[in-house]
Amino acid sequence: MFVTALLALALALPIRVAAEAPPDNIAVSARTARRLGLQVGDVVEVSMDPSMARARRVRVAAIWTGPEHPADVARGDAQVRMHLPVLEDVLGRHDAVDRVVVRLRDGAGPSAAAQTRDDLRGLALGFDAYTGGELAERTSQTFVVISRFHRAIGLIAVFAGAIFLVTLMALRLTEMRREIGALRLIGVSRTTIGTTIMLVTTVIAAGGCLAGVLMGAVMVWGINGYYQPMFGTTLRFAVLEPQTVVFAAGLAMALGIGAGAAAAVRILRRSPLEQVSR
Amino acid sequence: MTVPVVELRDGARTYQFDGTPVAALRGVTMQVQAGEFVAIVGPSGSGKSTLLHLMGGVDLPTSGEVLLFGDVTHRLRDVALTATRLRRLGFIFQRFFLLPMLTAEENIIIPMLEAGVAPAERTRRVAELLEYVRLTHRRRHVPGQLSGGEMQRVAIARALANRPSLLLADEPTGELDQESGSEIGRLLQRVHHEGVAVVVVTHNAEIASLADRTLVLRDGRLA
Amino acid sequence: MIWFLARKNLRRAASRTVLLIAGVTVAGALLFDMSMLSGGLERSFGSALGRLGYDVRVVLRGTLPLSTDALMPDAQTVARRVAAHPGVVLASPVLATNLYVEGPAGRLAAVTLGLRPEVRGIIHLESGRDTVEGLVLNRELAQRIGVSMGDTVQLSSRIDPQTGRPGRTSTARVLAIGDFAFDLRAQRTVAMPLADLQHLLGLDGNPASFVVVKTRPGVDPESVVRRIVAEFPSLDAFSIAGLLHQVRQQLRYFEHFSTILTGISLLVAFLLIGAVLTLSVGERLGELAALRAVGLSRPRAVLLVLLEGVVLSAVSTPLALAVGGIISRPLDAILRATPGIPQDLHFFVMSPEAVVRTVLLLMITGTLGAAHPAWIAGRLNIAATLHQEVQ
Chain A
1 MFVTALLALA LALPIRVAAE APPDNIAVSA RTARRLGLQV GDVVEVSMDP
51 SMARARRVRV AAIWTGPEHP ADVARGDAQV RMHLPVLEDV LGRHDAVDRV
101 VVRLRDGAGP SAAAQTRDDL RGLALGFDAY TGGELAERTS QTFVVISRFH
151 RAIGLIAVFA GAIFLVTLMA LRLTEMRREI GALRLIGVSR TTIGTTIMLV
201 TTVIAAGGCL AGVLMGAVMV WGINGYYQPM FGTTLRFAVL EPQTVVFAAG
251 LAMALGIGAG AAAAVRILRR SPLEQVSR
Chain B
279 MTVPVVELRD GARTYQFDGT PVAALRGVTM QVQAGEFVAI VGPSGSGKST
329 LLHLMGGVDL PTSGEVLLFG DVTHRLRDVA LTATRLRRLG FIFQRFFLLP
379 MLTAEENIII PMLEAGVAPA ERTRRVAELL EYVRLTHRRR HVPGQLSGGE
429 MQRVAIARAL ANRPSLLLAD EPTGELDQES GSEIGRLLQR VHHEGVAVVV
479 VTHNAEIASL ADRTLVLRDG RLA
Chain C
502 MIWFLARKNL RRAASRTVLL IAGVTVAGAL LFDMSMLSGG LERSFGSALG
552 RLGYDVRVVL RGTLPLSTDA LMPDAQTVAR RVAAHPGVVL ASPVLATNLY
602 VEGPAGRLAA VTLGLRPEVR GIIHLESGRD TVEGLVLNRE LAQRIGVSMG
652 DTVQLSSRID PQTGRPGRTS TARVLAIGDF AFDLRAQRTV AMPLADLQHL
702 LGLDGNPASF VVVKTRPGVD PESVVRRIVA EFPSLDAFSI AGLLHQVRQQ
752 LRYFEHFSTI LTGISLLVAF LLIGAVLTLS VGERLGELAA LRAVGLSRPR
802 AVLLVLLEGV VLSAVSTPLA LAVGGIISRP LDAILRATPG IPQDLHFFVM
852 SPEAVVRTVL LLMITGTLGA AHPAWIAGRL NIAATLHQEV Q
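Chains as they are written, first to last, in our numbering: chain A, 1 to 278; chain B, 279 to 501; chain C, 502 to 892.
These are calculated hints, taken from the structure and not from any lab test. Some hints could be false.
[What the hints assert, rightly or not] With the Cβ distance kept under 7 angstroms, some of the chain B side facing chain C (calculated, not the full set):
(1) Phe369
(2) Phe375
(3) Leu488
Backbone N, C-alpha and C fix where the C-beta goes; we use that ideal spot for every residue, glycine too.
Same shape as in the complex, but just chain A (with noise of 0.2 angstroms):
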């Protein structure tokens, strides 16, 4: 019986495979995978047309995760990996494809791929050439604008400061004038007085700057915090770095010793009875 059993088996199986063929191997991104609830091991159906005329069967063999460009996250695609035949069998479309990857030797540096990428050119056949980093550059011109963007905000942001700034100090220095007018009248010197100035203005340029370095990172925390899983991603929306930091503070101080130098420079310019009169 069991072998009658493995001889049905054995006649079974071939009517079997050629009644459906084993489904091709593709690899979904982990994004894709977790939108449609994908696993390793399921089989699932692709097709060009909508109504899925001509579906193939597909294995999902692999799910892929690592770097995700900006805009793949921002558009949030599917997207799928399969073998070149497997993809034009798909699309009806043979020996016809977007562009042709080249990888050079190992240890083959820029200015083999630039010379690559001239050689190939000069074929002057009907398509181009671009090395990896020409290609990074143009893909990336959106976040370019993006950051030109950023930095004209940034700016204005700064120019906001700039006049806040001066106002407080202005104003935190006349609160001060009396006091300041007293002690010119006793015979404390301008220099000495100014210098006072200048160190309670650093001072408050210091907290502040702090402050505000403090709170920039507390909402690059919230920004990630809050986009990173809207967008399903691990990428960074918001990024401080050690350069970024020192410019902000640089800045920060610059201006808040400026506006507190202009202020003391109007104040100390008064006569100390001016300053003490009510």
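Position chains B and C against the provided structure of chain A, taking the given hints into account.
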């Protein structure tokens, strides 16, 4: 029997400084009748200004009662007390407290504006008051352009803007020289002669001598 | 009296008031710009779509117009059946692809639209007409390949990668030069009769990329969308509002950026007004106590300071709108350099809603900024303040 313009019945005022109670005024009982000129004298820290503030309703007693035109001040709502100060009372301060960005006539107009006096009446009254304090020629000057005596005269004019029945003056000559102080004293006497009750807190003997009655305050009590 | 005093107070320290107004103006300008940015591109896109005159677009299910190379089979039949709906004036297929166009100065790839003659509004011809009855080039393409009206060009669908020679070709006379809606900067575009394009591409079965639909006046486009979707299960249909909803998802970044910066601008304005007025009230506590002593009521003392905040905002607001309008131009120019953005679209779009939002937010912020100093003014102890001032 006429109602006194202001009366204290065992009035006391205690302040808290860092948790320590300080009795600025202890159990003072006194009255000021209509048209009376009362001077309050005493050493520094004896509670003179505190007494004046209680009389003017700008402060409330910790215990006892203060009656202003017959009304117990601590039973009046702030709106009512403020209205009383606006329409029936005039205040003069040692430091003048004129608004530095307003001219002399604008400073005088402030209480009239707040009381809703009609523009024509305002114009007439401010001219009258400037004439009264002899500052018509300085009407468009701001305080920064006036002497101490002139500023105090503007302050007196402001205090008289709504024709009060009671004028309270806290060290009105404190920041003035002798001559200016004498001038202020003559002005206060003139106001008194026109029927306004005047209460002056002062260190100035000349001013005190103009009063019908002098109250001496020592250590928060009437001597 | 309050208004009189508030005015005088603001003028007494003129340079401070000017600085304060300048600060609130810049913060307000940023606020206005963010109001314009929020939904600006969507408004611009919607406005551009509306100007074309087509209310519904029919596409393959799961796609958007021009988002895929996939073609709708037998689009002519689809268009005919859609046009049969009572609420529809016109339905016409559009085929979009790339062709190589060769003139005396060279051969270039160009975005190509295959249109039927009844499709109007997508191109504006120099001659003033807007229908496509022959070959129409945009200015960029015409200049680059050195042709003008009446010249002949060669069209080909592919270039042999081995030989570099064109595959299937046809020649055509340039009927007109025109401006195409939604062209990208430096984009090369050509339009030709749909049937000619299908023939050149060797397509059978009248396929197209999408179908444009014009509805009758008064007909709700969404009702037409529902009928099309019900009748054609393999197709999707989008009204302009529907398309904008799809686009909105792609533009979330600008919405969020605008929201964050709006918050920061308001915070700056609030802090500036609040800090300056607080210090200013602190400087004149004696005056305020004296005013209270001579009969200014507590609510009116509060109102006095609140009014100063309101006045500062009120004076800054028109300046903020003006400055915001001015700086939005260069900001818009920066963002319009983003790849893939049609040159006719704008990111910063002025709208009544943006103006109203800015005015309201600035006025509210000015009032709130003055709230704390107003509270200080209202709760000051007259006697204690007078006593302190004499020290």
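Hints versus structure:
1. Phe369: holds, 5 angstroms
2. Phe375: holds, 3 angstroms
3. Leu488: violated, 23 angstroms
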